[in-house]
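*Asks:* Work the whole structure out from these sequences, hints included.
All letters in the sequence shown, in the order written, are residues 1 to 207 by this note's numbering.
Calculated from the structure, these hints are not laboratory results.
Even glycine gets a Cβ: it sits at the ideal position worked out from N, Cα and C.
Among the hints, erroneous ones may be present.
Using C-beta positions, here's what the derived DEER-type ranges look like [unchecked claim]:
#	residue 1	residue 2	range
1	26	140	36 to 44 Å
2	110	176	45 to 53 Å
3	63	172	52 to 60 Å
Each computed DSS-like pair below joins lysine-lysine, with the alpha-carbon atoms no more than 25 Å apart [what the hints assert, rightly or not]:
#	residue 1	residue 2
4	190	202
5	145	38
6	52	38
7	190	201
8	169	190
9	153	125
10	201	187
11	187	169
12	168	182
13	11	52
14	169	182
15	125	145
16	38	121
17	52	12
18	202	187
19	169	153
20	145	121
21	168	153
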Amino acid sequence: MTYNSSMGNRKKTIEDRLFEVVVLENGCWEWQGYVYEKTGYGYLCVRRDGAKRTPSAHRYFYEELVGTPPPGTDLDHTCHNDDLTCAGGPTCRHRRCVNPDHLDPVTPAVNISRGRGLAPKNAAKTHCPEGHEYSEDNTYALEGKRQCITCRKVTQQRYYDSEHGGDKKRAYARERMRELRKDPEYKLRKNAWERDRYNRKKAAAAA
1 MTYNSSMGNR KKTIEDRLFE VVVLENGCWE WQGYVYEKTG YGYLCVRRDG AKRTPSAHRY
61 FYEELVGTPP PGTDLDHTCH NDDLTCAGGP TCRHRRCVNP DHLDPVTPAV NISRGRGLAP
121 KNAAKTHCPE GHEYSEDNTY ALEGKRQCIT CRKVTQQRYY DSEHGGDKKR AYARERMREL
181 RKDPEYKLRK NAWERDRYNR KKAAAAA
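*Replies:* And the structure:
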């Protein structure tokens with residue numbers, strides 16, 4: 001059952017907010033206030049130090065009943081981790097749970113690894129699809145994703161060896177040569193190199 005208290009203009013306390021949750025059989029305190037449908041998390045409006053804030057409901061309850069989580073941590077819903085039947089996502093009812101006993105402050109990496117989506121599955125992989133190890137020397141990050149350096153080199157070489165890749169290289173060489181020809185210093189170096197080549201040929205012929 002949901003209880004809504006009429007407070008008028010008086011600031012709501014954590015005790016008032018407790019009337020806006022429903023205790024489920026699994027121990028979850030399900031938030032009955034505003035829920036952002038794209039994420040499935042509850043939010044509320046509070047005023048602290050004269051400033052208006054809209055924290056997530058589960059973070060607000062944790063801060064009020066336990067304390068501020070350590071910097072750089074996320075609040076992981078352990079109730080979701082224990083329920084293997086829940087697929088997660090915006091429709092997950094565990095995201096609306098504000099029970100501080102069901103919230104564990106962990107690093108973002110740990111929070112992701114505990115999930116059941118593609119991210120934790122990929123994070124657990126030790127080798128790329130071609131069998132190359134994701135070692136420190138063979139791995140680089142691109143837009144938050146691991147990439148195999150060995151595979152990248154093979155792909156690049158395959159491209160350069162292709163007809164299209166060859167055309168690209170030749171086009172780049174022509175463009176580079178046009179730029180060099182406009183450089184006065186390049187002309188001086190080229191003339192000196194041609195004179196040196198002519199003198200070496202002349203000396204070889206006279207020997």
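*Asks:* Hinted pair, alpha-carbon criterion (25 Å max): residue 52, residue 12. Please report holds or violated.
*Replies:* Cα-Cα ~13 Å, so holds.
*Asks:* Assess, step by step, whether the Cα of residue 168 is no farther than 25 Å from the Cα of residue 153, and give holds or violated.
*Replies:* It holds: about 17 Å lies between the C-alpha atoms, which stays within 25 Å.
*Asks:* Holds or violated: residue 168 and residue 182, Cα atoms, limit 25 Å.
*Replies:* Holds, at about 22 Å.
*Asks:* Take a quick look at whether residue 190 and residue 201 sit within 25 Å of each other, Cα to Cα.
*Replies:* Distance of about 17 Å is within 25 Å: holds.
*Asks:* Take a quick look at whether residue 52 and residue 38 sit within 25 Å of each other, Cα to Cα.
*Replies:* Since the Cα atoms of residue 52 and residue 38 sit roughly 23 Å apart, the hinted pair holds (cutoff 25 Å).
*Asks:* Is the straight-line distance between the alpha-carbon of residue 38 and that of residue 121 25 Å or less?
*Replies:* This hinted pair holds, its Cα atoms lying about 23 Å apart.
*Asks:* Within a Cα-Cα threshold of 25 Å, do residue 125 and residue 145 meet the stated pairing?
*Replies:* 12 Å, holds
*Asks:* Would the pair residue 11 and residue 52 pass a check requiring their Cα atoms to be no farther apart than 25 Å?
*Replies:* Measuring from Cα to Cα gives roughly 12 Å; hence the hint holds.
*Asks:* Verify the proposed pairing of residue 190 with residue 202, using a straight-line Cα cut of 25 Å.
*Replies:* 18 Å, holds
*Asks:* Given the hint that residue 153 pairs with residue 125, test it: the Cα-Cα distance must not exceed 25 Å.
*Replies:* 21 Å, holds
*Asks:* When you check the alpha-carbon spacing of residue 201 and residue 187, does it fall within 25 Å?
*Replies:* 21 Å, holds
*Asks:* Hint check: residue 169 vs residue 190, CA-CA at most 25 Å. Holds or violated?
*Replies:* Roughly 22 Å separates the two Cα atoms, so the pair holds.
Figure legend: structure checked against the earlier numbered hints; every hint is met.
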